[in-house]
Amino acid sequence: MTELVIKDLHVSVEDKEILKGLDLTIHSGERHALMGPNGNGKSTLLAAIMGNPKYKVTQGSITLDGEDVLKMEVDQRSKAGLFLGMQYPSEISGVTNSDFLRSCINARQEKPISLFKFIKEMDKAIQQLDMKPDLAHRFLNDGFSGGEKKRNEIVQMMMLKPSIAMLDEIDSGLDVDALKIVSEAIDQCQKENDMGLLIVSHYARFYEYLQPTHAHVLVDGRIVVSGGQELIEKIDTQGYEWLEEEYHVKANKEDTRKRPTSLGLCGAKRG
Amino acid sequence: MEKQYIDVFQDELLIDAPSQLSIHIHKQARGSLFIVVQEDVQISIVMDEQSSSHILFYNKNQDKLKLDIHSNLKKDAECKMGFLDMETDSVSMDLKTVLDEPGAHFELMTGQLGQENTIKHNNIEILHKAGYTQGLMQNFAVLFDKADYQMVANGNIKKGCSQAQSHQVTRVLTLGKDHKAKVIPLLLIDENDVKASHAQTIGQPDEDQLYYLKSRGLSHRQALGLLSIGYLLPVLDLMDNESKKEELRQEMENKVGLYGNRENS
Chain R
1 MTELVIKDLH
11 VSVEDKEILK
21 GLDLTIHSGE
31 RHALMGPNGN
41 GKSTLLAAIM
51 GNPKYKVTQG
61 SITLDGEDVL
71 KMEVDQRSKA
81 GLFLGMQYPS
91 EISGVTNSDF
101 LRSCINARQE
111 KPISLFKFIK
121 EMDKAIQQLD
131 MKPDLAHRFL
141 NDGFSGGEKK
151 RNEIVQMMML
161 KPSIAMLDEI
171 DSGLDVDALK
181 IVSEAIDQCQ
191 KENDMGLLIV
201 SHYARFYEYL
211 QPTHAHVLVD
221 GRIVVSGGQE
231 LIEKIDTQGY
241 EWLEEEYHVK
251 ANKEDTRKRP
261 TSLGLCGAKR
271 G
Chain G
272 MEKQYIDVFQ
282 DELLIDAPSQ
292 LSIHIHKQAR
302 GSLFIVVQED
312 VQISIVMDEQ
322 SSSHILFYNK
332 NQDKLKLDIH
342 SNLKKDAECK
352 MGFLDMETDS
362 VSMDLKTVLD
372 EPGAHFELMT
382 GQLGQENTIK
392 HNNIEILHKA
402 GYTQGLMQNF
412 AVLFDKADYQ
422 MVANGNIKKG
432 CSQAQSHQVT
442 RVLTLGKDHK
452 AKVIPLLLID
462 ENDVKASHAQ
472 TIGQPDEDQL
482 YYLKSRGLSH
492 RQALGLLSIG
502 YLLPVLDLMD
512 NESKKEELRQ
522 EMENKVGLYG
532 NRENS
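Residue numbers (the numbering used here), protein chains in the order written: chain R, 1 to 271; chain G, 272 to 536.
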């Protein structure tokens with residue numbers, strides 16, 4: 001049984017505090033839905049757990065089965081069993097998907113994976129995600145559509161078999177059919193590996209497919225309420241405004257004001 | 272040493288003593304050559320009309336290497352040439368290809384790994400002496416601490432060579448400190464009715480890319496290695512022998528640290 005424990009977590013980005021004392025515990029087999037208005041710290045939490053160097057943990061602790069995650073490098077966190085399906089996966093030209101994944105698998109085991117086993121597992125994942133068979137030979141996310149990138153994140157999750165997987169708006173960019181395919185793949189992957197899941201999404205349909213066992217709402221850097229399916233349904237029908245009244249919190253609003261647009265510098269010579 | 276090739280050919284040559292090598296690929300002959308270079312060598316290549324070849328040079332010299340390659344391509348001859356260099360010693364390469372007659376087509380792809388304190392200086396030229404000729408230079412290099420890389424790439428189109436095309440791309444990935452990278456793309460064009468282009472990038476790996484690779488379990492060194500592979504691997508497309516290709520690829524992965532052998536460096 002794997003256990004990820006987050007206690008009193010404070011995280012800053014460029015000296016601005018985003019997470020202000022967050023507590024959360026995730027066990028194997030559980031599915032946690034993390035909701036909240038934009039700009040209140042959901043992605044920050046996932047990035048901080050994974051060790052993104054842009055996010056600075058100023059207070060609190062994260063442990064995985066008692067091991068101090070904050071002392072681990074990013075790659076060590078992955079090897080320890082953490083996985084983050086990213087909202088904006090990087091495009092890396094010149095590196096094929098198969099080379100990348102084979103290297104990642106070999107990096108976490110003493111003996112390199114046999115080519116036969118690797119191809120078999122990758123073909124299975126590609127088929128399950130209903131992706132084109134040439135995926136293995138294409139450069140990593142290079143020229144992929146938004147939906148392909150998200151599905152490729154799930155392919156990676158299936159191949160790497162983490163013990164705790166975090167999915168950051170993995171449903172954005174997916175059409176209705178793809179959403180179902182991805183949901184089924186996540187479901188099966190969890191059943192096969194008994195992993196814990198932390199899912200960030202704005203869409204009730206995704207949660208309908210995945211049926212989270214726990215739900216949390218993150219407002220202004222803290223989890224203000226936790227529950228189950230009933231909480232997801234309430235957010236879906238009533239939005240987030242009721243939380244401010246009931247829990248005396250104020251959600252951060254994303255700055256949507258129009259800013260002046262620079263047209264660049266004038267190239268004409270002066271004088 | 273002199274080598275003659277007719278009809279269909281596939282050959283592997285080993286240069287294990289300082290020498291001069293002359294290669295003649297006869298009319299309509301087509302095939303591939305894999306040339307392992309362990310010593311300084313001067314090579315002259317003549318490709319007769321309508322011949323076609325893939326020629327891959329592989330540096331295995333354990334000391335400073337001086338490589339001098341001069342090629343002449345006749346009517347409609349087509350040559351794809353590669354140079355793969357992952358050795359820890361310095362290399363000085365002079366390469367000149369003359370496209371003598373219409374329809375001659377030459378593509379060069381170099382992949383060089385500038386390990387610590389090595390000097391890799393290259394001077395290459397594709398000279399167009401006839402119309403309807405095509406030249407393409409693609410140069411890729413990965414540099415570690417104190418490596419010194421220089422690439423002078425010259426596409427030279429003489430007067431009267433209408434419809435000639437000369438293109439070049441150089442990409443240098445800098446991974447260490449105190450390295451030097453100097454790329455001089457030249458296009459000397461004395462004819463109006465031609466197409467020519469050059470592009471170059473020199474830079475460090477993207478921080479987001481590195482984070483992405485590390486988040487899947489690759490160490491910093493392995494992540495850099497994987498990015499390096501992306502620069503060097505295209506050269507292996509010129510290798511027709513699949514088992515040899517896989518062997519070279521494994522060696523490449525090892526040299527760039529994909530297996531963590533340079534983890535502490």
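Treat the hints as calculated values from the structure; they're not laboratory data.
Bear in mind the structure is a predicted one, so any value in this text is a computation, not a measurement.
For every residue, glycine included, the Cβ atom is placed at its ideal position computed from N, Cα and C.
Watch out, some of these pointers could steer you wrong.
[What the hints assert, rightly or not] Using 30 Å as the maximum straight-line C-alpha spacing, the simulated DSBU-like pairs for lysine-lysine come out as follows:
1. K515(G) - K111(R)
2. K516(G) - K120(R)
3. K345(G) - K117(R)
4. K161(R) - K7(R)
5. K111(R) - K161(R)
6. K111(R) - K331(G)
7. K71(R) - K448(G)
8. K117(R) - K367(G)
9. K298(G) - K345(G)
10. K120(R) - K515(G)
11. K124(R) - K516(G)
12. K234(R) - K250(R)
13. K20(R) - K54(R)
[Said to hold, decoys possible] These stretches of chain R come out as covered by chain G in the derived footprint (C-beta under 8 Å, 3 or more residues):
14. 6-13
15. 70-76
16. 221-234
Hints violated by the structure (listed by number, smallest first): As far as the earlier hints go, 3, 8, 14 and 16 are violated by this structure, in ascending order.
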